[in-house]
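All chains should be built: construct the whole structure from the sequences, respecting the hints.
2 protein chains.
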Amino acid sequence: MTTIKDVANLAKVSPSTVSRVLANNQRISLKTQEKVRQAMLELGYQPNMIARSLIKRSSKTLGLVLSRSTTSAFTNPFFPEIIRGISTITQKFHYSLLLTTAESHEEEAKECLKMLGEKRVDGVLILASRVNDQLINQLSLNNYPFVVVGRIPDNTNYYSVNNDNVAAAYLATKHLLDLGHQRIAFLNGPLEFTFCQDRLAGYLQALQEYNLSPEPELIKHGNLSQKDGYELTEELFKTTLRPSAIFAIDDLMAIGAYQVIKNYGLQIPSDIAVVGFNDDPLASIIEPTLTTVKIPIYEMGATAARMIIQLLEESNQHPSQKILSSELIIRESSCKIV
Amino acid sequence: MTTIKDVANLAKVSPSTVSRVLANNQRISLKTQEKVRQAMLELGYQPNMIARSLIKRSSKTLGLVLSRSTTSAFTNPFFPEIIRGISTITQKFHYSLLLTTAESHEEEAKECLKMLGEKRVDGVLILASRVNDQLINQLSLNNYPFVVVGRIPDNTNYYSVNNDNVAAAYLATKHLLDLGHQRIAFLNGPLEFTFCQDRLAGYLQALQEYNLSPEPELIKHGNLSQKDGYELTEELFKTTLRPSAIFAIDDLMAIGAYQVIKNYGLQIPSDIAVVGFNDDPLASIIEPTLTTVKIPIYEMGATAARMIIQLLEESNQHPSQKILSSELIIRESSCKIV
DNA sequence: TTTTGTTATGCAAACGTTTCCAAATGAGGT
DNA sequence: ACCTCATTTGGAAACGTTTGCATAACAAAA
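If you're matching them up, the sequences are chains W and F in order.
Under my numbering, the first residue of the first sequence is numbered 38, with each subsequent residue one higher.
Under my numbering, the first residue of the second sequence is numbered 38, with each subsequent residue one higher.
Only some residues are given here: those of chain W computed to face chain F with a beta carbon under 8 Å:
1) 116
2) 117
3) 156
If you're looking for bench data, these hints aren't it; they were derived computationally from the structure.
Backbone N, C-alpha and C fix where the C-beta goes; we use that ideal spot for every residue, glycine too.
Structure below.
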């Protein structure tokens, strides 16, 4: 391996000088700079980041743990997109990204704390927060730098990036109300996730604005899967009065609803309108194409990454919450019934 | 930060002893082991992996670069699945995974060599190999440990994991031939990818077995996208004699073909049968459901990870190629015409 | 020439581990 | 009690950097 000493020897200077050239230190004469650069080139020198990390007490690495449970990340386009957003920024700022997967939330927390404790990463990005998240507590207890993608309940005193779940769900519901629908079912996910709470809030807010009182039998909870979308819709269809529209908290659930609706020989949107969430690639391919809310996933990842890097590099930061806005994409599944 | 010295002080032993307890060295008396463990617990000690990496000359980290161009990784389920496979194994063997994204193949190569040169990672996993891959040459030139997921042209003298592309494409084509199809179009990807070459080979092999000579106008090349699937199928439909079946090298292309077929008012599979590749979640949702080849993506990732870890930890390894078999999943798009 | 001041460079310590080698400890045999 | 030998422990160097401090080099002022 070629080290800084080899370069120093070849350039006939001390290692310190080489180090300073590496750091673009101004107090090195142009002559020596040139000499050193030449030597580095000649030897194909690349600094050892491990050694640098040790003395700098910073690995210049961010941690990301993908939990299987987190919004069923693995079948979801969420996952690759957010990584792309994060990665673009980390690269731009010469950071690395350490990735771990976990099968459960407990494991996710464990991995997170381990990465930080072992000094492998300088900070972590947390995806999708829950109502009573021990991990968040532990992180702030240890003063570990972190940014969460999602909303943290109650306490706003953290760094976070989120999309406007309340507003988006409100808009989606309003869209259905404006089409004349009165009985709008809501297929929700587990309430332990704050985004599920928020989208429910948006849904309720829209109903209220139209002076409709929410009907408990129209609000169902399940996992964010096609299967649960299917089953919950079947339940809905067994109620006395069927809904005329379904708002699903995830496109996959909407797909599940599609299947039940078709099984019943009903037409979308004339018999039942459907709106999803996430703008899964599926949404524009399935028939009829699915109206859905498009979240700026890439941007959220990028923003979160920028935020934590800033937090790591500038001392005078204080907690901030960023909210990015989503967009309702209207497609066939909720077009006007002519 | 609590270091090994703090533990040593508290346990009234030397740092060396603590280190040995950490490494489960047998030559430490049970008494001291107990003392040290107690002290570690009390202080909540976690070893600094950076320091360890420096002296051990190993970061216990694997590198993975996802290139945008690589099989259009980002819209593809390939990407999350292979990461899951890799990550499961890295965790099991106490390795980490360093992830980078790149927008082009050149950038991918650059990032790869950088991670290795800077000693951030001990070895890398390369996805989807190309016909004339400079990266592979550079890696082996530098004696960097790597495993490729895919097939390397010509030279077999590397570590690799692949699925049985030739056999799988052969089987898929044969399946169509057995259904009585004679004019089977093949929507292929860029021939610079070895997997495209291999699947073409399988297709040709099946034709040959049925004494059919391949017709150039039935073999089209494009990118692995829905858009190109659409456009290539439109081209196909302008030929004198339309194909009676389409074999697409990727499900997304098959979806593109679906749209053209439907635009022409034709029925799948009665007018035209379609077979895809990859078993994208879409395949089982789209109507009619799509016959496709299911690749053991997770297993490929896991196998590749196991392979490189073995290569890193055991000195007496020599290059080996593993081939995992795929499975043809027959669905509505190619069922028997009754 | 000497002094002063600035600028460029080198020395050595430090980061938190691991591991070689030597020393201390203790048990068993005389 | 002493010696031998095996076992357990500690001291110190090493990994490849960065950086505070000191000094060398040199130009400008006296």
